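S.K.: Listed below, chain by chain, are the residues.
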Amino acid sequence: MEIASNFIDLNALDVIYLLLVGFVGGLVSGFIGSGGAFVLTPAMMSMGVPGIVAVASNMCHKFPKALVGAIKRAKYGQVDVKLGLVMGVSAEAGVLYGAHIQENIKRAFGDAGSNLYVSVAFVLVLGIVGSYVLRDALRMRRSAHTGEEKVARLARWVQSVQIPGTMVYFKSLGTRVSVLFTIPLGFATGMLAATIAVGGFIGVPGMHYVLGASSLMSSATELVVAFVMGLGGTLKFAWSGMVDIRLAMIILAGSLFGIQLGAIGTTYVKPHMIKFVMGVIMVMVLLSRAIIIPVYLADLGIIGKLNPYLEGGLKNVSFIVLIAALAVGAAIIFSALWRGIRLHRHELEMAVVPGGAIQANTVVLPASPQLSPIGRYERFLVASDGSEYSAGTVREALRMAQKCGARIRVISVIAGDNTELYTMGEQLIAQELNSARLNLDAIARQAAASGVACETEVVQAVHIHEEIVTQADRMQADLIIMGRRGRRGLTRVMLGDATARVIGNAHCSVLVVPRVAEITGRHFVIATDGSRFSDTAAAAAGSLAKLCGTPVTVVSVHSPSHSEQWRQEARRAVNRITSFLQQEGVSAESQFVDGRSDEKIVEVATARNADLIVIGSHGRTGLERVLLGSVAERVLNLTTCAVLVVRSP
Amino acid sequence: MVNNITAHKGPQVTRMLAYGVLSLSFYFLLYLFEDEILAFSSRGRWFFAAPVIIAFVFSFAHGNFTSYFWDTLRIEAKK
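Taken in order, these protein sequences are the chains called A and B. The numbering used here applies: residue 1024 is where the first sequence begins, and numbers increase by one. The numbering used here applies: residue 53 is where the second sequence begins, and numbers increase by one.
Hints listed in this document are in silico derivations from the structure and should not be mistaken for laboratory results. Note that this is a predicted model, so its numbers are computed, not measured. Quick reminder that beta carbons are idealized off the backbone N, C-alpha and C, glycines included. Treat the hints with caution; some may be incorrect.
When the alpha-carbon atoms are kept at most 35 Å apart in a straight line, the in silico DSBU-like pairs for lysine-lysine are as follows [claimed, not checked]:
1) A:K1259 x A:K1105
2) A:K1293 x A:K1173
3) A:K1173 x B:K130
4) A:K1098 x B:K130
5) A:K1173 x A:K1098
6) A:K1338 x A:K1259
7) A:K1194 x A:K1173
8) B:K130 x A:K1194
9) A:K1293 x A:K1105
10) B:K130 x A:K1105
11) A:K1426 x A:K1569
12) A:K1569 x B:K130
13) B:K130 x A:K1293
14) A:K1328 x A:K1129
Restraint ranges, calculated between C-beta atoms of paired labels, are given here [unchecked claim]:
15) A:L1108 x B:G96: 23 to 33 Å
16) B:R67 x A:H1367: 21 to 31 Å
17) B:R97 x A:A1116: 15 to 25 Å
18) A:K1098 x B:V73: 17 to 27 Å
19) A:V1038 x B:I127: 17 to 27 Å
20) B:I127 x A:I1124: 34 to 44 Å
21) A:F1132 x B:D87: 31 to 41 Å
22) B:I127 x A:N1632: 47 to 57 Å
23) A:H1486 x B:I127: 28 to 38 Å
24) B:R67 x A:F1132: 46 to 56 Å
25) B:I127 x A:V1539: 47 to 57 Å
26) A:L1119 x B:V73: 32 to 42 Å
Which bits of chain A does chain B cover? Going by a derived footprint, with three or more residues having C-beta under 8 Å, they are [to be verified]:
27) 1081-1087
28) 1250-1260
29) 1263-1270
30) 1283-1295
Work out the full structure, taking the sequences as your base and the hints as a guide.
M.R.: Take a look at the structure:
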């Protein structure tokens, strides 16, 4: 039987190429719900497949791929089938109308006109929506609300509009929304799909920003929309016999591997990552299409004829940027997935080893009954250099461990790499090691006398802060206790800089104890800015205050630049925390002051004769910290009482 | 824990292999009868159902295979 002229012969290289492109496309689709298909049509055309067959075969691989992806993500509870179907049906109408417009433009202006229309649609839609999504992702990443998504103002308005007879409940929104909003959104999604082959660039941001679904739900629900649109498109093209089933099934073979992996990836990342990947791809695709616009303008005679080399170069660069868009998206997903899986496995391994890195025979079972990881104080890592500066650290660590029934691990870090230590000479190294060992032995004896389970170790590391953070992670420490600054000099250094870096990098809370500080439970001050970091800090401080029976003052500092709305929100946050603490049986009061936050927090602590200041941490490091500063660090420099920097999980 | 993992992995590998063989068979048939299948599925009109049915059948076998494939490699969703 002869193969129809529409269909090309396939060789092994073609198959491998399609499998690879399919895999990467599937990976991106599984993660952001869409966006993997746009490169497939040009990829097939570059092999010599006629345009219409490429579009038809792309459609025919898209709907089973989207179905498998939607089923996978539905297992994770991320899919709103009803919203997907409602959007999908209206998207189908949008596809038909979009195709009709395309045909009219092609009839009137030819291929160049049609291409110019597609490119302009790309640039306008991706330029506006893509840059907004990317900006929002970056803002979320920077802001204090990482991990939490707020419903956009537009979505709140859409959800508040009640039009009788049109209201439908959607589980992804948790409320009823008029279908008069979802239908145009679906229609626009379909129109875009018919124009640039990726409706999801409107569908996902639409569901998120206009309807108010979370980005995770939006990207998963888009797979249902893609299934409906893909099935409709396939039926239409199959009726004309344009589907090359071989191409579709080969791409499907690769893309199903990818879509499963992309779907798994969504369970490991924070919501802003989905927006980030989508935004990056959209902006890069926009660049790809913008590059080629002069070629179409020249074809239409709007600008002068281009040099053939320039024309060919622009087309090639445009295609390379298109491929790069997908590759960059896939690389970000891979990286996020890899890190997420590694971290998760590490957590699981630590969870099944009794006592983590601490030897079981040295451990007394903790008495702490708390369930929350935020407020749990069962394992402390104490960094001591044996100097007068860390004397307070050890004293307070033992005191707290006694109160909380925690076990402690005390380390003394010998700083420097092997070369540095070698140049010190064997005798000096031995002296340092011996001195560190003696210091730790003395601490172990103190701990034994206090009835605290303790183990000690001298460790060598190039970077002190990295070693402390690694040790804390390994033992799943609930708290790192260290001094504010240590003595400089040969090796057993514990600098103020190291303290700041530990605060910036630690995955658990850090208690910084200045030399003269004593935490006797006189009074605690909790500083809050209304963010979830402050809530975490309050919960942790509440647990501690309850254990010690200590009264607490919750303080919020306002600067003159803060708006009235900000102040009101801060007041609500403080009152919420105060009520929470009171419900927990802690004597708590609130205080609002105006001025510089670090100075005012210390002033309140001094006035109350507080022995502990509790602050939430954003965990910023490096340039971000230099630019944004850290209230916790500035407070540390001003106060003589201990500071607990609580890290959000 | 180890026993649980082993007990869980056994049927998982079997299922992966079963769906893998099924999927491979479908692709082998597609390769073997390439011309006939292509001609049949591209006749158009009421034969439009052919590519749709083929796509559903392939996605069932291959979708299950790929799912078990990643599970077997311990690349699973975070619970």
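S.K.: For the pair supplied as a hint, K1173 (chain A) and K130 (chain B), is the alpha-carbon distance within the 35 Å limit?
M.R.: holds (23 Å)
S.K.: Can you confirm whether the C-alpha distance between K130 (chain B) and K1105 (chain A) stays at or below 35 Å?
M.R.: Roughly 25 Å between the alpha carbons, so the hint for K130 (chain B) and K1105 (chain A) holds.
S.K.: If you draw a straight line from the CA of K1098 (chain A) to the CA of K130 (chain B), is it 35 Å or shorter?
M.R.: OK: K1098 (chain A) and K130 (chain B) at ~12 Å, within 35 Å.
S.K.: Closer than 8 Å Cβ to Cβ for three or more residues is the test here. Does the stretch 1283-1295 of chain A pass it with chain B?
M.R.: That given contact holds, which follows from 6 residues of the stretch 1283-1295 of chain A lying within Cβ reach (below 8 Å) of chain B.
S.K.: Given the hint that K1293 (chain A) pairs with K1173 (chain A), does the C-alpha gap stay at or below 35 Å?
M.R.: OK: K1293 (chain A) and K1173 (chain A) at ~14 Å, within 35 Å.
S.K.: Take a look at whether the Cβ-Cβ distance between F1132 (chain A) and D87 (chain B) falls inside 31 to 41 Å.
M.R.: holds (39 Å)
S.K.: At the C-beta level, are I127 (chain B) and V1539 (chain A) separated by a distance inside 47 to 57 Å?
M.R.: Because 52 Å falls inside the window, the suggested range holds.
S.K.: When you take the CB atoms of L1108 (chain A) and G96 (chain B), is the distance between them in 23 to 33 Å?
M.R.: At roughly 28 Å between Cβ atoms, G96 (chain B) and L1108 (chain A) fall inside 23 to 33 Å, so the hint holds.
S.K.: Hey, K1173 (chain A) versus K1098 (chain A), does the alpha-carbon distance stay inside 35 Å?
M.R.: Satisfied, since the Cα-Cα distance of roughly 24 Å is no more than 35 Å.
S.K.: With respect to the beta-carbon atoms only, verify the hint that V1038 (chain A) and I127 (chain B) lie 17 to 27 Å apart.
M.R.: Given range 17 to 27 Å: holds, Cβ gap about 25 Å.
S.K.: Examine the stretch 1250-1260 of chain A: at least three residues should have C-beta closer than 8 Å to a C-beta of chain B.
M.R.: holds (count 3)
S.K.: With a cut-off of 35 Å on the C-alpha distance, tell me whether K1194 (chain A) and K1173 (chain A) pass.
M.R.: holds (17 Å)
No hint from the list above goes unmet by this structure.
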